[in-house]
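Between the sequences and the hints, there should be enough to build the whole structure, so can you do that?
Here's the letter readout for the chains.
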Amino acid sequence: MAPIVSVSNLSKTYASGFKALKGVSLDIEEGEILALLGPNGAGKTTMISIICGIVNASGGHVTVGGHDVVRDFRETRAMIGLVPQELTTDAFETVWNTVSFSRGLHGRKPNPAHIEKVLKDLSLWEKKDNMLRELSGGMKRRVLIAKALSHEPRVLFLDEPTAGVDVNLRKSMWDVVRGLRASGVTIILTTHYIEEAEEIADRIAVINGGEILLVEEKAALMTKLGRKQLRVDLAHPLERVPDTLSSYNLTLEGDGHCLIYDYDTSAERTGITALLAALAEAGIRLKDISTRQSSLEDIFVEIVGAGQ
Amino acid sequence: MNIEAVKSIYFFEMARTRRTLLQSVVSPVISTSLYFIVFGAAIGARIQEIDGVSYGAFITPGLMMLTLLTQCIGNGSFGIYFPKFTGTIYEVLSSPISMVEIVLGYVGAAATKGLMIGTIILVTASLFVDLSIAHPFVMLFFFVLTAITFSLFGFIIGIWAKDFEQLNLIPMLVVPPLVFLGGSFYSIDMLPPFWRAVSHFNPVLYLISGFRWSFFEISDVNPIASAVIILVFLTLCMSVLTWIFHTGYRLRN
Chain V
125 MAPIVSVSNL
135 SKTYASGFKA
145 LKGVSLDIEE
155 GEILALLGPN
165 GAGKTTMISI
175 ICGIVNASGG
185 HVTVGGHDVV
195 RDFRETRAMI
205 GLVPQELTTD
215 AFETVWNTVS
225 FSRGLHGRKP
235 NPAHIEKVLK
245 DLSLWEKKDN
255 MLRELSGGMK
265 RRVLIAKALS
275 HEPRVLFLDE
285 PTAGVDVNLR
295 KSMWDVVRGL
305 RASGVTIILT
315 THYIEEAEEI
325 ADRIAVINGG
335 EILLVEEKAA
345 LMTKLGRKQL
355 RVDLAHPLER
365 VPDTLSSYNL
375 TLEGDGHCLI
385 YDYDTSAERT
395 GITALLAALA
405 EAGIRLKDIS
415 TRQSSLEDIF
425 VEIVGAGQ
Chain D
29 MNIEAVKSIY
39 FFEMARTRRT
49 LLQSVVSPVI
59 STSLYFIVFG
69 AAIGARIQEI
79 DGVSYGAFIT
89 PGLMMLTLLT
99 QCIGNGSFGI
109 YFPKFTGTIY
119 EVLSSPISMV
129 EIVLGYVGAA
139 ATKGLMIGTI
149 ILVTASLFVD
159 LSIAHPFVML
169 FFFVLTAITF
179 SLFGFIIGIW
189 AKDFEQLNLI
199 PMLVVPPLVF
209 LGGSFYSIDM
219 LPPFWRAVSH
229 FNPVLYLISG
239 FRWSFFEISD
249 VNPIASAVII
259 LVFLTLCMSV
269 LTWIFHTGYR
279 LRN
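Residue numbers (this note's numbering), protein chains in the order written: chain V, 125 to 432; chain D, 29 to 281.
Each hint should be verified, as a subset may be incorrect.
Stated by the list, open to error - Here are the simulated DSS-like cross-link-like pairs (lysine-lysine), alpha carbons at most 25 Å apart as the crow flies:
1. Lys411/V <-> Lys352/V
2. Lys342/V <-> Lys352/V
3. Lys233/V <-> Lys252/V
4. Lys241/V <-> Lys252/V
5. Lys295/V <-> Lys264/V
6. Lys35/D <-> Lys252/V
7. Lys342/V <-> Lys411/V
8. Lys264/V <-> Lys244/V
9. Lys233/V <-> Lys251/V
10. Lys251/V <-> Lys264/V
11. Lys264/V <-> Lys241/V
12. Lys241/V <-> Lys190/D
13. Lys112/D <-> Lys35/D
14. Lys143/V <-> Lys190/D
15. Lys112/D <-> Lys264/V
16. Lys233/V <-> Lys35/D
17. Lys264/V <-> Lys252/V
18. Lys35/D <-> Lys143/V
Calculated directly from the structure, the hints in this document are not laboratory data.
The following block contains the structure:
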């Protein structure tokens with residue numbers, strides 16, 4: 125199946141001379157949740173802005189649903205919903221009016237039933253007649269999502285949807301995002317919270333310094349780049365790692381109370397069985413064993429660090 | 029053509045007018061009444077008639093133009109500047125609408141509001157003086173074209189302005205002198221020859237003169253020249269906007 129969003133060789137140089145994007149290419153499949161992960165200033169927002177038509181590209185091109193975003197902007201923009209990073213709202217408008225306005229802007233005829241459903245799904249129904257300036261930050265964020273969903277988009281861009289949002293609201297937003305995916309909406313999410321990408325994304329693209337460093341299925345990424353660690357708690361502390369165990373590259377931690385063994389899950393042999401046997405042979409008594417998988421955060425730091 | 033979007037922008041802008049009804053409508057009525065009291069009653073008592081037209085009636089077209097220009101520039105610029113300032117412009121830019129449709133919505137609303145207020149002033153003025161309109165269609169021609177042209181001009185200022193100072197620069201510093209020196213309150217025949225000659229470089233003189241001709245058939249300059257000037261200025265504004273849309277100037281960069 126053709127990708128729903130296809131970015132090829134996209135570049136952007138701002139008037140100040142800053143190169144925000146340096147020839148980025150990326151395909152997004154219909155129905156997936158793609159997380160664009162990158163530090164501040166990586167080029168995430170610039171890329172989204174070009175796809176949505178807010179910023180002109182300096183080079184390259186983008187198609188959405190097979191249409192060019194510049195030439196066929198009416199088709200592409202009608203398909204896209206955008207939730208911007210900044211909480212930008214018309215302070216003096218009511219929730220209902222501002223969401224209905226968004227629907228009209230996208231060329232859709234008024235449909236109060238749809239607006240009602242969107243507002244109810246986002247727990248905003250009670251506030252529909254309130255002015256936006258009376259709402260809390262979290263509610264404003266949801267209003268922006270409601271605006272983006274007002275015209276029933278096929279592709280939804282969420283630019284840092286949970287920046288500055290409390291834990292409960294963040295979790296409820298993830299539920300909203302999963303619900304949207306279940307209804308067939310493709311979601312592109314930028315974030316610098318790795319936990320967020322780990323929680324809800326199907327695929328992850330890491331972007332830094334205006335370049336895509338990698339695009340990978342989340343699960344594959346975790347196994348490919350993920351390292352596991354075996355932690356052995358000892359009954360009696362050691363002063364140093366015995367010479368017989370030197371080939372395992374162990375490190376001694378916790379005042380000699382615990383041994384750490386790094387291993388690669390994708391390797392043919394992890395060496396765990398051999399290590400445990402060697403420990404028994406050396407007469408070292410174990411109190412406990414635990415393993416820890418490196419998080420996406422560790423992977424991210426590694427990739428971005430290597431790119432610099 | 030995305031009619032729904034044009035309607036959305038237009039009614040969204042008109043809704044703001046409703047919210048600010050007091051300052052949008054009541055304040056021009058009060059200021060017009062003040063002009064009539066100060067100029068009409070105090071000065072009019074000494075001037076009485078210009079070219080056979082009572083002074084109070086003579087200044088009415090000028091007053092309408094003064095308000096029309098300020099209101100249209102103000103609304104046209106604010107309508108597009110404010111979303112730029114708050115950031116809500118992202119939504120308009122990412123919508124499936126062409127720049128022409130954006131202009132139709134914003135400029136249409138600004139011009140409508142200007143025309144509404146101009147009409148209110150005309151009605152207010154008719155309470156103070158006897159008014160007759162000799163050429164209603166010519167009057168409408170100048171009235172509507174001036175509203176559209178200056179709303180477009182305001183829209184350009186709104187796109188160009190980077191802060192509130194720039195936004196107010198032209199409406200506050202450039203327009204009032206042009207209007208006051210453009211014969212709103214006098215006929216330029218009353219000026220010394222030198223200033224009369226200088227006045228001919230003031231484009232607003234042509235607007236006021238043409239507009240006044242449609243009421244009383246008296247004018248400082250040929251009404252045809254007035255019509256040409258307004259059409260030239262309209263074309264100029266449209267050309268600048270076309271350039272802005274093609275380059276994305278201060279909108280998409």
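Legend entry - Pairwise hint evaluation, Lys35/D against Lys233/V, where the allowed Cα distance is 25 Å at most: holds (11 Å)
Legend entry - Pairwise hint evaluation, Lys352/V against Lys411/V, where the allowed Cα distance is 25 Å at most: OK: Lys411/V and Lys352/V at ~20 Å, within 25 Å.
Legend entry - Pair hint Lys295/V and Lys264/V, alpha-carbon separation not exceeding 25 Å: The hint holds at about 16 Å.
Inset, instruction - For the pair supplied as a hint, Lys264/V and Lys244/V, confirm whether the alpha-carbon distance does not exceed 25 Å. - result: Measuring from Cα to Cα gives roughly 15 Å; hence the hint holds.
Inset, instruction - Would you mind confirming whether the straight-line C-alpha gap from Lys342/V to Lys411/V stays at or under 25 Å? - result: Roughly 34 Å between the alpha carbons, so the hint for Lys342/V and Lys411/V is violated.
Inset, instruction - Given the hint that Lys35/D pairs with Lys143/V, test it: the Cα-Cα distance must not exceed 25 Å. - result: violated (38 Å)
Inset, instruction - Quickly compare the C-alpha distance for Lys143/V and Lys190/D to 25 Å and report which way the hint goes. - result: Holds, at roughly 23 Å.
Legend entry - Distance restraint between Lys112/D and Lys264/V, which requires alpha-carbon spacing of 25 Å or less: holds (18 Å)
Legend entry - Pair hint Lys342/V and Lys352/V, alpha-carbon separation not exceeding 25 Å: Holds: Lys342/V and Lys352/V sit about 16 Å apart, inside 25 Å.
Legend entry - Straight-line alpha-carbon gap Lys264/V to Lys241/V, limit 25 Å: holds (17 Å)
Legend entry - Pair hint Lys112/D and Lys35/D, alpha-carbon separation not exceeding 25 Å: holds (20 Å)
Inset, instruction - For the pair we were handed, Lys233/V and Lys251/V, check the Cα-Cα distance against 25 Å. - result: holds (23 Å)
Checked against the numbered hints given earlier, the structure breaks hints 7, 12 and 18 and satisfies all the rest.
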